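2 protein chains.
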Amino acid sequence: MESWSFPPAYDENFLPAPEGRYWFPRRETMPAGDREKAILERLQQVCAYAYEHAPLYRHKWDEAGFHPGQLKSLEDFEEKVPVLTKKDLREAQERHPPFGDYLCVDENDVFHIHGTSGTTGRPTAFAISGADWRAIANAHARVMWGMGLRPGDTICVAAVFSLYMGSWGALAGAERLGAKSFPFGAGVSGMSARCVQWLNMLKPTAFYGTPTYALHLAQVAEDEGINPRDMQLKIMFFSGEPGASIPAIRERIEGLYGARVYDSGSMAEMSPWMNVASSAETDGMLCWQDVVYTEVCDPETMRRVPYGERGTPVYTHLERASQPMIRLASGDLTRWVDEPNPCGRTYPRLPHGIFGRIDDMFTIRGENVYPSEIDAALNELAHYGGEHRIVISREAAMDELLLRVEADAETFANTDGAARFCTEVEHQLQKMLGLRTAVEIVEPGSIPRTDFKARRVIDDRAVFHQMQTQLDEENR
Amino acid sequence: MESWSFPPAYDENFLPAPEGRYWFPRRETMPAGDREKAILERLQQVCAYAYEHAPLYRHKWDEAGFHPGQLKSLEDFEEKVPVLTKKDLREAQERHPPFGDYLCVDENDVFHIHGTSGTTGRPTAFAISGADWRAIANAHARVMWGMGLRPGDTICVAAVFSLYMGSWGALAGAERLGAKSFPFGAGVSGMSARCVQWLNMLKPTAFYGTPTYALHLAQVAEDEGINPRDMQLKIMFFSGEPGASIPAIRERIEGLYGARVYDSGSMAEMSPWMNVASSAETDGMLCWQDVVYTEVCDPETMRRVPYGERGTPVYTHLERASQPMIRLASGDLTRWVDEPNPCGRTYPRLPHGIFGRIDDMFTIRGENVYPSEIDAALNELAHYGGEHRIVISREAAMDELLLRVEADAETFANTDGAARFCTEVEHQLQKMLGLRTAVEIVEPGSIPRTDFKARRVIDDRAVFHQMQTQLDEENR
Chain W
40 MESWSFPPAY DENFLPAPEG RYWFPRRETM PAGDREKAIL ERLQQVCAYA
90 YEHAPLYRHK WDEAGFHPGQ LKSLEDFEEK VPVLTKKDLR EAQERHPPFG
140 DYLCVDENDV FHIHGTSGTT GRPTAFAISG ADWRAIANAH ARVMWGMGLR
190 PGDTICVAAV FSLYMGSWGA LAGAERLGAK SFPFGAGVSG MSARCVQWLN
240 MLKPTAFYGT PTYALHLAQV AEDEGINPRD MQLKIMFFSG EPGASIPAIR
290 ERIEGLYGAR VYDSGSMAEM SPWMNVASSA ETDGMLCWQD VVYTEVCDPE
340 TMRRVPYGER GTPVYTHLER ASQPMIRLAS GDLTRWVDEP NPCGRTYPRL
390 PHGIFGRIDD MFTIRGENVY PSEIDAALNE LAHYGGEHRI VISREAAMDE
440 LLLRVEADAE TFANTDGAAR FCTEVEHQLQ KMLGLRTAVE IVEPGSIPRT
490 DFKARRVIDD RAVFHQMQTQ LDEENR
Chain A
40 MESWSFPPAY DENFLPAPEG RYWFPRRETM PAGDREKAIL ERLQQVCAYA
90 YEHAPLYRHK WDEAGFHPGQ LKSLEDFEEK VPVLTKKDLR EAQERHPPFG
140 DYLCVDENDV FHIHGTSGTT GRPTAFAISG ADWRAIANAH ARVMWGMGLR
190 PGDTICVAAV FSLYMGSWGA LAGAERLGAK SFPFGAGVSG MSARCVQWLN
240 MLKPTAFYGT PTYALHLAQV AEDEGINPRD MQLKIMFFSG EPGASIPAIR
290 ERIEGLYGAR VYDSGSMAEM SPWMNVASSA ETDGMLCWQD VVYTEVCDPE
340 TMRRVPYGER GTPVYTHLER ASQPMIRLAS GDLTRWVDEP NPCGRTYPRL
390 PHGIFGRIDD MFTIRGENVY PSEIDAALNE LAHYGGEHRI VISREAAMDE
440 LLLRVEADAE TFANTDGAAR FCTEVEHQLQ KMLGLRTAVE IVEPGSIPRT
490 DFKARRVIDD RAVFHQMQTQ LDEENR
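Those protein sequence lines, which keep their order, are chains W and A. When we follow our numbering, the leftmost residue of the first sequence carries the number 40, and every step to the right adds one. When we follow our numbering, the leftmost residue of the second sequence carries the number 40, and every step to the right adds one.
No lab work stands behind these hints, which were simulated from the structure alone. There are no misleading hints in this set.
The calculated DSS-like cross-link candidates involving lysine-lysine, where the alpha carbons are at most 25 angstroms apart (straight line), are: (1) A:K119 with A:K76; (2) A:K273 with A:K242; (3) W:K119 with W:K76; (4) W:K242 with A:K126; (5) W:K111 with W:K76; (6) A:K76 with A:K111; (7) W:K125 with A:K242; (8) A:K242 with W:K126; (9) W:K273 with W:K242; (10) W:K242 with A:K125.
What you are looking at is a predicted structure, and each value in this text was computed from that prediction instead of being measured.
Using the sequences provided together with the hints, build the complete structure.
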């Protein structure tokens with residue numbers, strides 16, 4: 040069997056035959072039940088290791104009455120092991136700077152330091168040992184192989200190289216895969232036009248970045264008189280935003296570049312963050328359970344929901360020894376299924392990727408509504424003007440959903456067209472949400488643009504009610 | 040003897056004992072004459088290799104009547120081998136995209152692609168094989184070891200990670216050295232305040248970036264109420280600008296951070312670009328001749344000038360096999376000496392680092408003047424306000440040098456103080472340039488700030504004369 044142990048011991052010179060679909064055929068296609076037995080063994084090892092080396096886990100587990108010796112099944116794991124939160128990590132680093140009392144290796148064995156952006160409050164540092172860096176590189180190479188990337192490909196990594204692990208993980212994977220790495224980065228003023236120039240000059244076969252940046256680059260290319268298709272990209276893989284799993288956005292990017300689009304990525308803390316990712320033959324995201332064990336859980340009980348249902352991913356490292364994350368709560372939202380995958384891998388799958396955050400979800404007349412689903416639905420409409428706002432209010436005792444939607448210029452200019460578009464949006468939402476929605480069509484460009492992750496929801500039911508009224512009056 | 044061959048074959052697990060001053064004692068301290076014999080052997084190998092694999096060299100050398108078989112001495116090398124220019128590289132890549140007809144390895148062996156910024160015209164791509172990447176990492180680790188960096192250090196790399204090789208080379212060296220790498224990057228809006236926060240939180244021992252950025256960060260730290268000394272940096276090493284070898288700038292940075300400052304770096308094309316660098320005990324920059332062979336040449340004849348004289352560095356790779364540069368003309372200006380070095384290394388040294396560009400130099404009344412020297416001289420004066428302009432004009436038949444210099448606020452506000460500062464500047468320049476200079480003291484902040492590399496020279500002798508008169512009149 041291929042190398043699978045904790046800690047991992049990969050052969051750095053191993054490469055599959057180029058025509059092989061799998062990097063590790065047995066690990067990727069074994070019966071799910073057999074894999075779960077092996078995962079349990081890994082979990083026992085990782086938990087024993089963490090209990091021994093990380094006071095954070097020891098104290099947390101002692102308090103919860105859990106000891107690694109009690110771990111006899113995956114049910115024991117979800118039942119007995121409390122989830123870890125980002126707040127736990129932040130507080131541990133505050134108490135034990137800089138890396139917290141969950142660094143399980145000697146501080147001198149730390150190879151790379153990365154971290155969260157810390158836009159609010161104290162950032163969290165990731166201390167990654169050299170051995171863990173190799174584990175990340177090997178795992179990413181394996182997942183990227185599954186997307187169809189091969190030695191000989193040129194991979195442009197167009198995301199900022201800094202604290203963020205996205206770019207570094209993609210680069211480490213590209214290097215380990217034997218591809219030509221073109222780490223262009225992103226985020227510096229003036230860089231986009233130059234990136235377009237280089238893509239057009241080098242003709243790399245693959246691109247990594249965020250969906251937003253790929254859409255922006257296509258616009259920059261067009262402004263420079265370059266058709267994005269002339270860059271001849273074949274594979275574009277993304278992380279950092281849910282876009283690549285939203286059919287309309289994926290199709291827009293595929294249409295602009297003439298390339299195949301793949302989604303990937305869990306959390307920076309969880310690197311190898313490509314532990315959930317599309318494969319060449321399988322849409323949505325496969326959970327590479329032998330790299331990181333993913334449980335899609337009920338956000339209240341933090342126990343797995345049945346396949347087919349929605350929940351929040353809880354992740355556990357099976358191949359990291361420096362700061363292993365055990366049951367880290369993501370706060371993300373997804374749905375998982377356990378069905379045969381076209382690529383033949385026997386992993387559970389997130390058919391719509393990761394489509395939101397627990398705290399993005401709102402409930403209206405008892406229905407759970409995810410803003411990203413509304414975004415996706417609108418993006419499927421030919422006459423959508425590009426931006427919208429979701430306003431939730433209460434008329435009498437009933438919650439009301441109002442959707443302000445931009446039409447495109449031609450549609451908006453034509454009274455009949457606008458009315459038809461309005462009906463179309465109403466139907467689309469009725470179909471998707473199962474509830475009636477008031478729709479207001481507005482002029483294209485009239486709603487301020489927001490970055491991808493920003494919230495488009497205005498909840499007008501309580502505290503915002505007065506403010507909204509006042510704003511509306513001022514705008515009259 | 041330590042590994043020294045072409046192509047190089049380094050032991051990736053080798054590390055000197057921590058107390059050792061040298062990475063490779065013999066290569067670094069051998070009698071210069073013995074080293075030159077070995078360099079000649081390397082040059083014969085590199086030239087034969089390039090002649091065989093790179094049509095660019097074959098054609099260029101055939102045309103010049105040079106064949107590698109003729110190489111019997113270092114004099115043969117400088118006499119017979121024509122210099123290579125950046126233009127040669129650009130044109131070769133235009134003819135043979137993307138990497139030019141001087142890529143000496145299979146295109147599939149390319150590991151990383153970097154390049155010039157291409158701010159004017161077509162950029163040049165650097166195609167670096169995996170083996171060359173390891174050679175760069177080993178060479179940089181060796182030079183950084185010479186600066187006093189050791190496993191256990193935490194090294195913050197605060198320069199943009201993109202096309203530019205500076206950050207990547209420093210990172211590869213830090214990784215190979217066994218230090219903790221903290222690749223923070225730079226260049227993204229809002230990053231500087233965050234960098235200060237992280238430096239203050241992590242307390243890394245070492246910092247790499249540009250002198251300009253270090254000065255900027257100190258300012259940002261002070262704005263955030265943080266004393267840069269609280270970051271507890273011990274070693275700061277720089278490249279990309281001449282600042283770290285200008286005593287006044289070096290002292291300013293050392294004073295702000297309480298750290299030792301080292302200079303390094305030749306050209307991105309020449310990576311390992313740390314082939315000229317300070318060591319812990321030796322100021323200025325040592326020419327690590329066994330890594331890259333440096334000839335400081337007369338810009339007209341492109342033959343070596345005697346030690347003690349000024350000239351332009353011409354570089355030759357001794358350890359790169361993918362796109363070896365052979366006699367690449369830098370266009371930079373320096374002075375080299377051959378004296379015993381405090382660190383005991385037997386390399387030639389650039390005592391004032393690289394202090395300008397051939398085309399920055401101007402001649403006035405027969406004297407060569409380097410703007411960077413004027414900058415350094417002004418920075419040594421206590422009452423300097425921080426910016427200046429050099430105006431060259433012609434009165435009757437004589438060139439005149441006018442220096443517009445900002446005084447600090449206190450000095451400027453006091454008539455006597457301003458007059459004394461004016462005399463001080465005149466004396467300083469007379470001493471340095473050997474010619475009389477007119478000095479005009481102006482208000483602090485009155486001259487627009489320019490980035491470090493921008494030219495501060497206004498040559499008013501010919502075309503600019505009328506323009507300047509007009510501007511002066513408008514400003515009256």
